[in-house]
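Participant: Single-letter residue listing:
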Amino acid sequence: MKKLINDPGDVVTESVRGFGLAHPETVRVNEDPLFVCRAGGAVAGKVGLVSGGGSGHEPLHAGYVGQGMLDAAVPGAMFTSPTPEPVLEATKAADGGAGVLHIVKNYTGDVLNFETAAELAEAEDITVRSVVVADDVAVEDSLYTAGRRGVGGTVLVEKIAGAAAERGEDLESVATIAEQVIENVRSMGAALSSCTVPHAGQPTFDLGENEIEIGIGIHGEPGRERIPAAPADEITDRLLNPVLEDLSLSSGEKVLLFVNGMGGTPLSELYIVYGHAHDVLAARGVEVSRSLVGNYITSLEMQGASITVLRLDETLTELWDAPVGTVALRRGL
Amino acid sequence: MKKLINDPGDVVTESVRGFGLAHPETVRVNEDPLFVCRAGGAVAGKVGLVSGGGSGHEPLHAGYVGQGMLDAAVPGAMFTSPTPEPVLEATKAADGGAGVLHIVKNYTGDVLNFETAAELAEAEDITVRSVVVADDVAVEDSLYTAGRRGVGGTVLVEKIAGAAAERGEDLESVATIAEQVIENVRSMGAALSSCTVPHAGQPTFDLGENEIEIGIGIHGEPGRERIPAAPADEITDRLLNPVLEDLSLSSGEKVLLFVNGMGGTPLSELYIVYGHAHDVLAARGVEVSRSLVGNYITSLEMQGASITVLRLDETLTELWDAPVGTVALRRGL
Amino acid sequence: MATDTLGHAWALDWMERARAAVSAERIALIDLDRAIGDGDHGENMDRGFTAVTAKLATQAPGSPGEVLKTAATTLMSTVGGAAGPLYGTAFLRASKAAGDAVDGDGVVALLDAAVEGIQARGKAEPGEKTMVDAWVPAARAAREAAADGPVAALRAAAEAAATGAAETEPMVATKGRASYLGQRSAGHRDPGAQSTALLLQAAAEAAEAQ
Amino acid sequence: MATDTLGHAWALDWMERARAAVSAERIALIDLDRAIGDGDHGENMDRGFTAVTAKLATQAPGSPGEVLKTAATTLMSTVGGAAGPLYGTAFLRASKAAGDAVDGDGVVALLDAAVEGIQARGKAEPGEKTMVDAWVPAARAAREAAADGPVAALRAAAEAAATGAAETEPMVATKGRASYLGQRSAGHRDPGAQSTALLLQAAAEAAEAQ
Ligand SMILES: Nc1ncnc2c1ncn2[C@@H]1O[C@H](COP(=O)(O)OP(=O)(O)O)[C@@H](O)[C@H]1O
Ligand SMILES: Nc1ncnc2c1ncn2[C@@H]1O[C@H](COP(=O)(O)OP(=O)(O)O)[C@@H](O)[C@H]1O
Ligand SMILES: [Mg+2]
Ligand SMILES: [Mg+2]
Ligand SMILES: [Mg+2]
Ligand SMILES: [Mg+2]
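Protein chains in written order, with full-length UniProt numbering: chain A, 1 to 333; chain B, 1 to 333; chain C, 1 to 210; chain D, 1 to 210.
Think of the hints as simulated: they come from the structure by calculation, not from any bench.
Check the hints yourself; a few may be wrong.
Stated by the list, open to error - Stretch by stretch, here's where chain B covers chain D in the computed footprint (C-beta under 8 Å, at least three residues):
| # | stretch |
| --- | --- |
| 1 | 43 to 50 |
| 2 | 160 to 171 |
| 3 | 177 to 184 |
As the list claims (entries may be wrong) - Calculated Cβ distances over 10 Å to all of chain B for the following chain D residues:
| # | residue |
| --- | --- |
| 4 | Thr5 |
| 5 | Gln119 |
| 6 | Ala147 |
Predicted model, so just to flag it, every value in this text is computed and none were measured.
By construction, the Cβ of each residue, glycine as well, lies at the ideal position given by its N, Cα and C atoms.
The following block holds chain A by itself, in its conformation from the complex (with noise of 0.2 Å):
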């Protein structure tokens, strides 16, 4: 295992410590325990938006703090949910005193801390309203898993929820909007190559010089089924066409298509895959009117990338165009 850092583990800390430094402008981070929120604290009157999970994803959560999106977000250890105290102190810093909405990633840890979190909030008189996402069509949803995981539609719950807490919506109307893009997005990754976790020191799991992994979580969590490699297109037709089938798209309809690295792909190729997603859905006459390509939500150092495609109607495009003013996502900012 090669990788810049000091102590495997100090690695968050250290990295939160150092995106911290760069944009004071934007964040503050709060060491003990740790978090992140705005720079300027809660707003007065506004929605708070908390989410977090384990460290490992970024840009992901903190890169999604500013105006716009998130309030506070809060880095567990590699890969491990957060204990619910720091999501506690998350959830203090964030409230304006309209309510705190925690977007959760649907993983058994995060539902946990966050759900006991989300307790000792309540105890101290801050009302919270949890979503969960759980957009990954790898995963069958059904009684034999934990269900479906959270990937890339979180990064469009948080944005699109933000713009709706921003113009001054109340808890319940957020919430209801966070609602809409979890029920309207789907994803699906693949891994060409597999992640390493500095304290494990070894890659999460192996993949012969010619296999793919598709389905694949963003922990490195196994996926559907072990392929052998084969060119863009095909790896693109076998992420879309779940997605697209589990959305039940028909013509006509308009979406966001976002095409995410998990980290080690580079940029040019995630275009060959957005190229080629946009030809499948024009050809099945769905217009893909917003777009969002690059790493948005990583898995460490992991090669291989995902699609999500949001359905859009009218507020949800307004909500996505509104200003954003993050670290990872700027617009008109």
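Given chain A, work out where chains B, C and D with the ligands should sit, using these hints.
Facilitator: Chains B, C and D with the ligands alone, transformed into the frame defined by chain A:
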């Protein structure tokens, strides 16, 4: 070699095509000859900015086309500088009647091809000025080399000269600003792993399990020396010290600190490097007043990072802060 | 004859042995979790129990209940992931059941409470390839041995947990991260069941050392 | 006796053989460039000469000069990198020197013009580990053999270029991308010198086949 590509020969065209499809509000792709220009075309009366070079460094340069930065970018074949013809056509597309600045990275191929294109453009009555970025202190600038390579500093030259052009300065003065940046910017990079050029099919160089290449170029050209794997702080020192020596910064000066990822390194690691570099500068009494952290000039999937330091004065700071509306760098637009 | 009741010294020794065991098996637990999860379980448990013993070193708990309560809150606030809230709740409930001293029936009460806590939070049933598959047989075995005193009960529990952990190998996971793998989770031991076996082995050894 | 002059048929055959040679040696040239450069030289040359012969197939050039001029502009517009402008200029100057027919002295003039073009653009002297180290001895050898006619001159040039390319191995590069390596460039053959040797070998073979 596993990559999200189809035919290795089509990587550049397919990728640039996808880029155009994803960002029609910002850029327009000209397919033959291949170049990327602003969606709205040349701006009448404004100095045009054109850059380009081999592909494989995305988001450089096409990601920097847009308001406040470049007017056109010319992607060559993978790691191969473009030929004069597309540079000429891009120059025409960028010309708003006030002349065009060519921003060239110092590689024999780029210099020769842009030189020819500039001659051809002059023959078509377009005034062209060229600046050559040569900021890589890993290479001794002497009779014994082709001169320092243009690396991370290029992004800063494009942003700052772009802002100068956007606020209406004339060709001479935009070129002077660009030269000022070039004189005051230095960089150095390290690789933890090699990149693999698609048509070559295997890594450009081989690094042992525990080796790091210090002073790597952005094409996987070998660097100054190969050292055993070391903690991030030590690698950061090895990159930053030659940069600071060369810049001979004094206490009290202000700088922009830019930590760049080579493509395959997680963002979290870049922030660890940033944090330590920030500390080293602070200890020398140098104020980091602006920052940039991320994958801005890459070398395909190479793991590693480079550090760029730009000495700032008020003019450069103001131009750095000016609004910019490109795909890869956006602020205030 | 075996010890009749176990007090705070036992509980402190348990936590110390748990820390040592989890630390020694850190890599092994990581490897189990790499195979069917995300490779952090050993790191999480090591971080948690290191914090537990550090915390206990600053306190002078007078009863097993107090020791386990400190363990519970510390695990809750340092482990994170799925294991943190589950073990945290297990130890919190166990601490209430443990009270001032633990006899044979006390061991049963303690383990039953832990199982209830884990199931209340995680909703997993036996056979779903989770730590429940180590805790449930452990509690059952303790009940059968309870008449022979707490040491025997803990020894029985430890052995049943070890067997239970081994028996997760062929199972197909339907809870936790391993469930994403479906059929492909079969053939690997569940890391949480394995760490439970380590913890209960530590409890039995600590009892035997009293 | 050898052919007295070489015409456009020779030049066309040269380009066809050059294409075949560069295509066959594509990987070898890439490997040389991976070692001390950026791994694209074989790809660049292959792309360029494929375009040259494709372009020539659409034309009916009547002289070696015309053939080489088409080659020059095509290389200039398809190769890119350092090699594109250098070979482009070399062939452009050579095309002027070649004119309608090439005798022994014509070969010398052609090679001298190519060397001048390369040095005018790239400013490299012999010994700097570039293609110049193949072209310069080639031109010199041709001069010595010129009296024996163009075929002998090209054969001598090809052999000298091959030797020159081999002799770049111990050199330390001071021009082009390999110069970044400093001392570490020693021990590797220069890819551009090697491709020059291939091109001149193709020229000699084409002449011999006339
Ligand atoms: N719903 C559940 N009920 C009981 N135990 C569970 C449940 N989900 C996960 N676990 C246990 O947690 C273990 C994983 O813990 P850990 O790796 O620390 O957390 P994470 O899965 O969040 O990375 C699994 O091996 C399993 O024994
Ligand atoms: N200044 C120069 N003069 C002569 N030849 C040069 C010069 N610079 C580079 N070359 C030649 O170009 C070759 C590299 O070509 P190529 O790999 O196609 O371009 P690039 O270096 O831009 O990737 C080198 O091997 C060398 O022979
Ligand atoms: Mg985890
Ligand atoms: Mg090149
Ligand atoms: Mg885990
Ligand atoms: Mg090259």
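Participant: Each hint needs a verdict: does it hold in this structure or not?
Facilitator: Hints and how they fare:
1. 43 to 50: holds (count 3)
2. 160 to 171: Our answer is that it is violated, as 0 residues pass the Cβ test (under 8 Å) against chain B, missing three.
3. 177 to 184: holds (count 6)
4. Thr5: Its Cβ never comes within 10 Å of chain B, the nearest being 33 Å, so this holds.
5. Gln119: 13 Å, holds
6. Ala147: Holds, since 36 Å exceeds 10 Å.
Against the hints set out earlier in the document, a violation occurs for number 2 only.
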